[in-house]
Amino acid sequence: MTNRQWLLDHPTLLLFAGLGLVLLTATVIGRVLAMVHGDTPTIDNLNQRIDAWWYMVAAMGVAFLFGLTGLVILFALLSFWALREFLTLTPTRHGDHSSLLLLFFIGLPAQYALVWYQWYGLYSVFLPVYGFLVLAIAATLRGDTENFLQRVSFVQWGMMICIYFTSHVPALVTLPLILGRSSDGLLLIAFLVIVAQGSDVLQYIFGKLFGRHPVSPRLSPSKTWEGLVGGIASATLLGAALWWITPFSVPVAAGMAFIICVSGFFGGLVLSAIKRDRGVKDWGRMIRGHGGILDRLDSVIFAAPVFLHLTRYWYTV
Amino acid sequence: MALIRTLAARATARLIAGFARLTTGVYGDWRGCQPALNQRVYFANHSSHGDFVLIWTVLSVRARRQTRPVAAADYWNVPGLRRFIGAHVFNALLIDRRAGGGAAITAMNKALAWGDSLIIFPEGTRNTGDAPLLPLRAGIHHLARAHPAVEFVPVWIDNISRVMPKGERLPVPLLCSVIFGEPISAMPDEPRDAFLDRARAALLQLKPGEGPP
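Chains A and B, in that order, give the protein sequences.
Sequential numbering of the first sequence, starting at 0, is according to numbering that gives the first Met the number 0.
Sequential numbering of the second sequence, starting at 0, is according to numbering that gives the first Met the number 0.
Source of the hints: derived by calculation from the structure; they are not laboratory data.
Any given hint could be a false lead.
[To be verified] Distance condition first, Cα-Cα at most 20 Å in a straight line; then the derived SDA-like pairs of lysine to any residue:
#1 B/165 - A/143
#2 A/280 - A/214
#3 B/165 - A/101
#4 B/165 - A/93
[What the hints assert, rightly or not] Pairwise CB distance ranges, derived in the manner of DEER restraints:
#5 A/38 - B/21: 28 to 34 Å
#6 B/37 - A/116: 53 to 59 Å
#7 A/72 - B/110: 55 to 61 Å
#8 A/57 - B/8: 33 to 39 Å
Everything numeric in this text was worked out from a predicted model, so none of it was measured.
Using N, Cα and C, we set each Cβ at its ideal position, and we do this for glycine too.
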């Protein structure tokens, strides 16, 4: 299913047409809000976010054209940028230089090469086992013991969050799915990304409209119970409505979407905790209005491995 | 010939700036002043050979043309590519290090009188130790006193020493930022040390917090 026959495939075109329509509606609403209320910071930021979404959907669209290879390249780049944001904010020392070089220039490309090679048995242990050991050894060889455990852990966290979990998104294409309404791995990625990002967006909208009670004021002042419940409920419905692009039945699609939303929510919370610890508001400034790559990817990062394992266990031949 | 050289210099400039952006993701954080074409002396902390390239990269194309990095003649005035880049791409103000501090100040005074902006590193040498900033040399005070109308902009270059620590061969692609502070100028009767302390404080104030160890 990774060749270009999808071009003739009805669901993918329909899906992207739908996304275009949603974005168009959002763009119009954003511009009308700006005309009615003037350029308040919130509306300004909203419009920047919507504009950035056009680029993100376009990038996904281009990657879809090239199937597995396109997605591996896109997510390898996202991993690279995410890792750069993550490690920039960590207090590594001169003694970590070889660890960092190994991670950027060997660990990252090797992990994505294994995904591209569809070698599930190795790509699922390569970084957590061998990457973990090699990073610890590389840091030891430099002989700098100051804050040793802390420094090694930071680099290992960067490896897991930015490379390992993220690489599970393109890995979805490689699953030999059972016959269902759709057995296209590409569309499975679309399902994951649309539900996880949809959940973020819907939580944002519900939070802005009805948000009163913060979930965790210390971690993230903008996350409210109203936003959380409204966002997850509506994104679960969105997932159920997208059952036709998956091998799942309608209730299973809803269940999968719910799990994606919940793990995605915790992804955002955990990465917020790290940001607070590092004393920053955003991971970077790569995506206008959103912050850094990690600010946008946090939910997908936590949801991807869970979604991959559930699907692999029950829905592959 | 001159036209070809100018075009080559402009293409090389884009190439260098693009490479700097790609490897370091560098961006300019204009905290205390706006990017402008006012005559300025950008004075920055110095921890790597790539420092002035980063400042130069985040300046606008027009600002680049009027801003000259002050650099060592013995490094840049070597025939071939280096001289071409030093003279035509960066339009560097080359200082003969053997001629002593007085000659260097004279050259910088001349360039400022001519209307150029400068990029200088008042620590005088690369800081490769653990201290965030070395003591500033007195030269910056001479310049500030002689040119009261020029804006002296403190610039903090963050992270470049982590990208390529001393003695390493390969850079790690971490993000760098160039933070511009509020311009200072020497007051008429200000003693040298008071001005140097102020300049030093203006630089350190821009240094991003390190967070808990």
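Hints, verified against the model:
no., hint, verdict
1, B/165 - A/143, "holds, 15 Å"
2, A/280 - A/214, "holds, 17 Å"
3, B/165 - A/101, "holds, 18 Å"
4, B/165 - A/93, "holds, 8 Å"
5, A/38 - B/21: 28 to 34 Å, "holds, 33 Å"
6, B/37 - A/116: 53 to 59 Å, "holds, 56 Å"
7, A/72 - B/110: 55 to 61 Å, "violated, 47 Å"
8, A/57 - B/8: 33 to 39 Å, "holds, 35 Å"
When the structure is compared with the earlier hints, a violation turns up for hint 7 alone.
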